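These are the residues of each chain, in order.
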Amino acid sequence: MRFGVVTFPGSNCDHDAYHVVKRVAQQDVQFLWHKDTDLSGIDAIVLPGGFSYGDSLRCGAIARFSPIMESIRAFADAGGPVIGICNGFQVLTEAGLLPGALLRNQGLTFICEDQHLAVANGHLPWTSLCPEGLVAPIAHHDGCYFADEETLARLEGEGRVAFRYADRDGNVTPEANPNGSLNNIAGITNERGNVLGMMPHPERNAETELGDASGAWVFRSVVRAFLNGEVGR
Amino acid sequence: MSVQAPAVDPRPGDPEITQALIDEHGLDEKEYGLVLDIMGRPPTYTELGVFSVMWSEHCSYKTSRIHLKKLPTDGPRVLQGPGENAGVIDIGDGLAVAFKMESHNHPSFIEPYQGAATGVGGILRDVFTMGARPIAILNSLRFGAADHPKTKFLLPGVVAGIAGYGNCVGVPTVAGEVNFHPSYNGNILVNAMAVGLLRSDAIFRGVAAGPGNPVLYVGARTGRDGIHGATMASDTFEEGVEKPRPTVQVGDPYTEKLLIEACLELMREDAIVAIQDMGAAGLTSSSVEMAGRGGTGLRMDVAKIPAAAEGMTPYEFCLSESQERMLIVAAKGKEHIVERVFGKWDLEAVVIGHVTDDGLWTVVEGDNVVASIPVDALTDAAPIYDRPHTEPADFAARQAEPDLAPTGDCEDVLLRLLASPNIADKRWVYRQYDHMVRLGTVVRPGAADAAVVRIPKSAKALALTTDCNSVWVKADPHLGTQGAIAEAARNVACTGAEPLAVTDCLNFGNPQRPEVMWEFVQAIEGMGAALRELKIPVVSGNVSLYNETGDVSIHPTPGIGLVGLIEDRKHAVGLGFPEEGQRIVLLGTPRPTFGASAYGRVIHDVETGAPPSLDWDAERALLLTLREGVSAGLITAAHDAADGGLGVALAEMALAGGVAGNIGRGLGAQVALDLSGDAGARERFLFGETHGCAFVTVSADDLPALLALAAEHGCAAQNVGAVGGDALVVTDAGGASLDVAVSDLRSAWEGGLTAAVGLDAAPPRP
Chain B
1 MRFGVVTFPG SNCDHDAYHV VKRVAQQDVQ FLWHKDTDLS GIDAIVLPGG FSYGDSLRCG
61 AIARFSPIME SIRAFADAGG PVIGICNGFQ VLTEAGLLPG ALLRNQGLTF ICEDQHLAVA
121 NGHLPWTSLC PEGLVAPIAH HDGCYFADEE TLARLEGEGR VAFRYADRDG NVTPEANPNG
181 SLNNIAGITN ERGNVLGMMP HPERNAETEL GDASGAWVFR SVVRAFLNGE VGR
Chain F
234 MSVQAPAVDP RPGDPEITQA LIDEHGLDEK EYGLVLDIMG RPPTYTELGV FSVMWSEHCS
294 YKTSRIHLKK LPTDGPRVLQ GPGENAGVID IGDGLAVAFK MESHNHPSFI EPYQGAATGV
354 GGILRDVFTM GARPIAILNS LRFGAADHPK TKFLLPGVVA GIAGYGNCVG VPTVAGEVNF
414 HPSYNGNILV NAMAVGLLRS DAIFRGVAAG PGNPVLYVGA RTGRDGIHGA TMASDTFEEG
474 VEKPRPTVQV GDPYTEKLLI EACLELMRED AIVAIQDMGA AGLTSSSVEM AGRGGTGLRM
534 DVAKIPAAAE GMTPYEFCLS ESQERMLIVA AKGKEHIVER VFGKWDLEAV VIGHVTDDGL
594 WTVVEGDNVV ASIPVDALTD AAPIYDRPHT EPADFAARQA EPDLAPTGDC EDVLLRLLAS
654 PNIADKRWVY RQYDHMVRLG TVVRPGAADA AVVRIPKSAK ALALTTDCNS VWVKADPHLG
714 TQGAIAEAAR NVACTGAEPL AVTDCLNFGN PQRPEVMWEF VQAIEGMGAA LRELKIPVVS
774 GNVSLYNETG DVSIHPTPGI GLVGLIEDRK HAVGLGFPEE GQRIVLLGTP RPTFGASAYG
834 RVIHDVETGA PPSLDWDAER ALLLTLREGV SAGLITAAHD AADGGLGVAL AEMALAGGVA
894 GNIGRGLGAQ VALDLSGDAG ARERFLFGET HGCAFVTVSA DDLPALLALA AEHGCAAQNV
954 GAVGGDALVV TDAGGASLDV AVSDLRSAWE GGLTAAVGLD AAPPRP
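Chains as they are written, first to last, in my numbering: chain B, 1 to 233; chain F, 234 to 999.
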């Protein structure tokens with residue numbers, strides 16, 4: 001299975017995603033420049049964290065116009081697996097590949113910290129191997145998930161909430177919500193479940209040297225789903 | 234002078250050179266006389282500006298230079314010592330580390346967000362200019378009293394500025410210090426350190442060689458920001474006097490990120506001869522320094538510089554401190570490679586001139602020469618001062634240990650010390666910094682005495698710390714600065730590292746006051762003595778003088794940034810008690826004093842007395858025992874005694890306890906110490922400050938091996954207790970002196986900083 005990690009100007013977690021796909025998930029991986037449009041040979045796409053275009057205008061608002069985004073839209077429409085992490089999630093919402101928006105954190109400051117997550121739907125291509133609770137660090141200034149009531153009801157009703165902010169015992173509580181996200185939402189998918197956006201960084205907790213390595217299961221899940229033919233174009 | 238300055242006609246429209254204009258440029262009568270001697274004619278307006286910034290304290294080191302020569306700068310690992318953009322040391326396996334620390338004090342006091350942000354940007358450029366990939370940022374911050382009205386504005390601004398820049402460029406901010414003292418009420422300190430990794434055979438330098446080679450300007454456009462920043466940094470603040478000030482520079486971390494990627498990509502091609510950051514004094518100092526190192530000349534046309542504003546004059550182009558700009562000397566015929574790589578990253582790269590062999594620094598505006606100065610006039614011929622220095626009259630009288638009445642309540646003392654802002658939890662600060670990006674941070678902020686950052690594709694890791702207890706330095710600059718080196722070395726040794734090399738950031742008051750100059754000279758001599766004792770060189774640094782408002786000089790603050798090497802990071806440890814049942818061993822012999830201690834300041838509001846003394850044989854024995862004990866896998870946690878003494882050290886180990894190498898939910902301990910004597914002796918033993926001591930944990934099985942290792946190195950070692958329970962209990966022959974629940978320690982420690990400054994507390998730890 002071959003991953004493509006997109007580098008926008010200002011991406012800064014692209015090397016981290018590349019490292020985890022290659023060394024931890026042990027899959028083939030290559031960087032994709034934001035001006036590339038050819039995705040042939042690519043089986044999964046990672047939109048990494050960072051500050052694409054310096055967060056000018058709004059986080060992700062300019063990156064969505066990068067030439068590669070049209071190809072990624074087609075890739076996703078065809079069922080190819082796509083994950084947007086942190087800034088990558090913001091890009092996906094700006095591009096309309098995922099609903100809702102990421103607003104400024106309720107506490108108004110950047111937060112970088114370990115974060116416990118509860119897996120809200122463990123039957124998705126990106127979550128099927130995940131344990132019930134994960135640790136995935138957050139590192140963002142604009143991670144407060146917002147959507148209108150109707151969208152939120154659909155996301156919940158269709159099982160498209162992938163992860164919620166939780167405490168260390170797995171309880172989804174207001175105290176465990178670091179940024180004010182509605183329904184403690186940390187990650188959502190599109191209708192088909194092949195496109196995942198999440199604010200926490202699973203790649204930052206994929207090796208035992210950096211934590212309990214539970215973040216690695218996000219990547220392993222999609223590898224299994226791909227090899228089983230559950231996702232892919 | 235080796236070459237003569239040619240005649241240059243004044244540029245139409247430029248102001249006439251008057252005495253008032255000369256005064257405004259900060260050149261005194263003697264210095265201006267020297268300009269006339271060198272030039273053989275009056276300078277043009279642009280030339281006057283250039284002399285002003287190049288001979289400023291900030292750029293010329295005219296006060297500090299003769300003293301800095303006393304520091305050891307050589308060693309088997311040194312690949313590049315002071316004088317370049319950053320120092321470089323060899324860490325084996327064909328790899329090297331570039332690092333430097335620099336101050337951005339004056340701008341940060343005026344505009345904390347941009348001042349701190351551009352400080353981070355500048356130090357990063359110094360490091361990647363050497364060809365290094367930046368892998369870590371540290372910072373050392375000093376604010377006025379926690380309850381001073383300005384602190385509530387300055388602290389969040391500086392922290393947000395560091396976060397806004399460092400997070401965006403994607404370099405983790407992994408460690409640092411945040412301290413408060415009234416001596417900084419009118420002059421805060423913002424010192425930033427950057428660390429980068431490079432191949433030891435691929436070091437880039439700023440040496441303009443090869444006459445005819447093109448000079449390229451790359452990066453952001455030049456605007457009018459920060460003109461005369463270097464001169465401002467060489468001046469004091471006057472209370473109540475609103476002098477016209479240059480605008481503080483504005484940082485753009487996004488452009489910096491592109492610049493990092495473009496420069497590192499370009500360096501993999503065989504296209505460039507030299508590269509230099511445009512820092513203080515902008516285009517002027519970067520081009521002069523490059524030509525000076527190369528023994529060449531440069532000729533540049535300001536009309537070709539990409540401008541951010543209309544109608545900029547040559548004077549403004551030369552002195553602008555616009556950020557995120559670099560100067561590159563390319564190999565002739567390779568300009569197109571520079572242009573291609575920078576074009577890929579949406580950055581401008583423009584040929585603005587070329588290297589010459591005439592020894593002149595020449596600036597033209599189209600066809601007209603506007604400045605032409607012998608390069609060595611701006612570097613070697615800069616004035617050098619041996620300023621008078623005098624021991625303060627009250628120095629001897631301040632050395633006696635203060636006679637402090639014991640409170641008789643050690644628990645209360647411990648809780649008050651933990652809640653005091655200098656010792657309290659700094660999570661409110663570091664959770665705003667991305668300290669994990671790049672996946673290198675194996676030991677995170679707060680989890681150990683130094684941050685541990687792994688080296689990719691290697692078993693090695695770097696241990697990084699900054700240190701300076703400026704109350705110790707104020708009390709005795711010579712001994713206090715030795716103390717900063719000793720503590721920095723202990724900090725990295727506690728994670729299992731060998732201390733390799735130092736960068737220094739020397740923040741002092743007005744050197745024209747003989748007592749301040751004495752502090753400076755004493756501090757340098759103390760630093761040199763300590764570095765020689767430990768055989769550690771200083772490879773880079775920065776001097777910031779005139780940190781003074783009204784008559785108040787800051788406490789002398791020679792900040793030390795230290796890089797240590799862990800050969801095999803498998804055993805690297807943190808400071809928290811790892812698990813129940815581990816034995817606790819006190820390494821070293823405590824020699825506690827109340828002199829210049831946190832106990833004195835927090836409990837008794839007394840700051841006098843000599844700082845703790847040093848026994849270098851004992852210090853070396855401790856460093857070796859720590860390093861070898863950790864790398865042999867015997868020591869499972871280590872923490873040195875620093876601010877607040879042995880009592881606070883134990884409490885900090887309990888607070889971080891429960892997880893090896895990270896911050897847990899807390900874990901208690903029972904410790905028996907030999908606290909003979911009365912209540913006063915007991916409080917001194919627990920809270921007095923001492924060098925040469927660390928607590929470590931070890932499994933019961935490994936205890937004999939650790940004690941044998943310590944004995945082999947001549948390091949005192951006592952088995953003093955065991956980890957376990959929910960409370961920190963310290964007993965002596967007379968019973969319990971301390972019995973505090975870890976949860977009580979936690980509430981004091983976690984809320985201390987925000988309560989003292991008046992900020993919203995961070996939510997509980999996840």
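The set of hints was computed from the structure by calculation and includes no laboratory data. The structure displayed is predicted, hence computed values, not measured ones. Errors might be hidden in some of the hints.
[As the list claims (entries may be wrong)] Simulated coverage check for chain B against chain F, where a stretch passes if three residues somewhere in it have a Cβ under 8 angstroms from a Cβ of chain F:
| hint | segment |
| --- | --- |
| 1 | 52 to 64 |
| 2 | 104 to 117 |
[To be verified] Some chain B residues judged to face chain F by a derived CB distance under 10 angstroms, without partners named:
| hint | residue |
| --- | --- |
| 3 | His19 |
| 4 | Ala176 |
| 5 | Glu207 |
[Stated by the list, open to error] Ranges between beta-carbon positions, derived for each pair:
| hint | chain 1 | residue 1 | chain 2 | residue 2 | range |
| --- | --- | --- | --- | --- | --- |
| 6 | F | Pro996 | B | Asp212 | 18 to 28 angstroms |
| 7 | B | Asp212 | F | Pro616 | 34 to 44 angstroms |
| 8 | B | Thr173 | F | Ser980 | 33 to 43 angstroms |
For glycine and all other residues, C-beta sits at the position ideal for the given N, C-alpha and C.
Hints and how they fare:
Given a C-beta distance limit of less than 8 angstroms, the hint that chain F covers the segment 52 to 64 of chain B holds, as 4 residues qualify and 3 suffice. Requiring three or more residues with a Cβ within less than 8 angstroms of a Cβ of chain F, the coverage given for the segment 104 to 117 of chain B holds, as 9 such residues are present. The restraint placing B/His19 at the interface with chain F holds, with a minimum CB-CB distance near 6 angstroms, inside the 10 angstroms limit. Among the interface hints, the one on B/Ala176 holds; its C-beta lies about 7 angstroms from the nearest C-beta in chain F, closer than the 10 angstroms criterion.
A hinted interface residue such as B/Glu207 counts as satisfied when its beta carbon comes closer than 10 angstroms to some beta carbon of chain F; here the least separation is about 8 angstroms, so the hint holds. Taken as a hint, the range 18 to 28 angstroms holds for the pair F/Pro996 and B/Asp212, whose Cβ atoms sit roughly 22 angstroms apart. In this structure the hint that B/Asp212 and F/Pro616 lie 34 to 44 angstroms apart at CB is violated, the actual value being about 60 angstroms. A beta carbon spacing of about 21 angstroms between B/Thr173 and F/Ser980 contradicts the range 33 to 43 angstroms that was offered as a hint.
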